[in-house]
Structures are given as C-alpha cells and as structure tokens.
Amino acid sequence: NAGVTQTPKFQVLKTGQSMTLQCAQDMNHEYMSWYRQDPGMGLRLIHYSVGAGITDQGEVPNGYNVSRSTTEDFPLRLLSAAPSQTSVYFCASSYSWENTEAFFGQGTRLTVV
Amino acid sequence: TQLLEQSPQFLSIQEGENLTVYCNSSSVFSSLQWYRQEPGEGPVLLVTVVTGGEVKKLKRLTFQFGDARKDSSLHITAAQPGDTGLYLCAGAGRTYKYIFGTGTRLKVLA
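In order, the protein sequences belong to chains Z and E.
Numbers given in our numbering equal positions in the first sequence, counted from 1, plus 1.
Numbers given in our numbering equal positions in the second sequence, counted from 1, plus 53.
It is worth saying that the hints were derived from the structure and are not from the lab.
One or more hints might be untrue.
Claimed, not checked - Each pair of labels, with its calculated beta carbon distance range:
#	chain 1	residue 1	chain 2	residue 2	range
1	Z	E102	E	S65	25 to 33 Å
2	E	T73	Z	S81	42 to 50 Å
3	Z	P76	E	E58	27 to 35 Å
The beta-carbon is built from N, C-alpha and C at its ideal position, and this holds for glycine as well.
Just need the whole structure built from these sequences, with the hints factored in.
Okay, here's the thing in structure tokens:
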C-alpha cells in the first residue's frame with residue numbers, strides 16, 4: 002500500500018523560482034492538507050481541502066497556491082520562492098477533518114537560496 | 054486563531070524517569086490526537102481522545118483529555134531511549150482546520 006506519496010524528497014530553488022510539490026494518496030480520503038515544519042517546531046497548516054474542487058487557506062497561506070481536481074491529488078505550488086520558505090513540507094490525508102487519523106507523506110525538504 | 058501550546062518545548066531525561074507533556078488551548082476541541090515524529094519521517098498517530106476526562110493507556114504511555122476539552126496531557130512511565138522523538142498534539146479546530154501543537158522534543162538518555 003502506497004499511502005501518501007510526496008515528490009520530490011529534496012529540492013533546492015533560487016529566489017524567485019516557482020515549483021510544484023506533488024502529493025497523491027490512494028486511500029480515497031476526502032480531507033487533505035499541507036503543512037510546513039521549521040527546525041524543532043510543530044507543523045503549521047498552509048492549505049487544506051475537504052474534497053475535490055474545494056480548498057481553503059490555513060494558518061500560513063501566503064506565497065502558496067493549491068488545487069484539488071481529483072480526490073487523489075493535492076499539489077502545492079510555490080509562486081515565487083523566498084528564503085523564508087525554506088522548510089520541510091508535509092502532505093497529509095485523512096478520512097475526515099476531525100476524530101480520525103491523519104496519514105503523512107515522508108516530506109519534502111526545500112531550500113531556497 | 055486557535056492555538057495548541059505544548060510544554061515543555063524540550064525535555065532531556067535519564068532512562069527510567071517519568072515525564073509529563075502538556076497540550077493547552079483556550080479553545081474547545083471535539084477531540085485531540087497525539088503523534089510522535091522521528092527524524093526524517095512524518096508524524097505517526099499514537100492515540101485519539103474524544104470525551105472530556107477520558108484517560109487512555111498505551112503500554113507505558115497514559116493520555117488524558119481535560120474535562121473541558123481544552124487541554125490534554127501525555128505521561129510516560131519509566132522512559133526508554135526508544136521513546137526519543139518529537140511529540141505533537143493535534144486537533145480539529147473551527148472551519149475544518151486540523152492544527153498541530155508547538156511540539157515537545159524528548160530525548161531519553163541511556
């Protein structure tokens with residue numbers, strides 16, 4: 002079982018470049034979300050989706066876009082990378098947004114120089 | 054903005070000691086989850102507490118949900134080096150946002 006798959010695992014960007022972090026899940030989960038984790042910190046919610054075609058902003062959405070055209074995929078786009086976006090990014094999926102287990106991908110370590 | 058504050062932020066103890074980690078909020082949560090994260094990996098669920106006052110045990114780990122459902126605690130008895138990791142509480146906030154606490158980094162020395 003694949004679970005939640007994130008690509009790439011590592012990425013280095015120059016300031017101003019754009020890129021898309023990919024996330025796919027094969028568990029037919031409705032709720033998907035993106036988090037960033039800075040060194041030694043908890044996870045901060047960037048964007049989330051309660052189902053295909055529905056997305057909304059989390060706690061730290063500036064500089065990021067998302068879309069949810071299918072149940073399986075939830076890509077995160079960095080519009081114009083900045084050094085402040087250097088972080089580890091995690092994608093998660095769950096059956097619902099509450100009272101259920103969130104399953105995580107292995108993360109993407111992004112460095113913006 | 055709903056927040057989940059964890060304390061302590063860091064904890065370094067000797068093998069065999071007991072410890073308690075706290076997760077506090079000014080908001081009510083319908084449930085809280087506790088996760089453990091190891092380096093280079095995503096968080097993995099340990100437990101979900103749903104009912105105010107609920108206590109759940111997972112081997113040497115005891116989880117409690119506050120009566121008012123605004124706080125939770127994780128108690129580890131006789132800690133072992135294998136308990137080392139980042140412990141995160143999480144909960145479903147308002148408007149479908151699933152948020153995480155600030156984290157407690159635990160190191161258990163042999």
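We went through each hint and held it up to the structure:
For Z/E102 and E/S65, the hinted distance range of 25 to 33 Å is satisfied, since their beta carbons lie about 29 Å from each other. At about 44 Å, the beta-carbon gap between E/T73 and Z/S81 stays in the expected band of 42 to 50 Å. At roughly 32 Å, the beta carbons of Z/P76 and E/E58 sit within the given window of 27 to 35 Å.
Checked against the numbered hints above, the structure breaks none of them.
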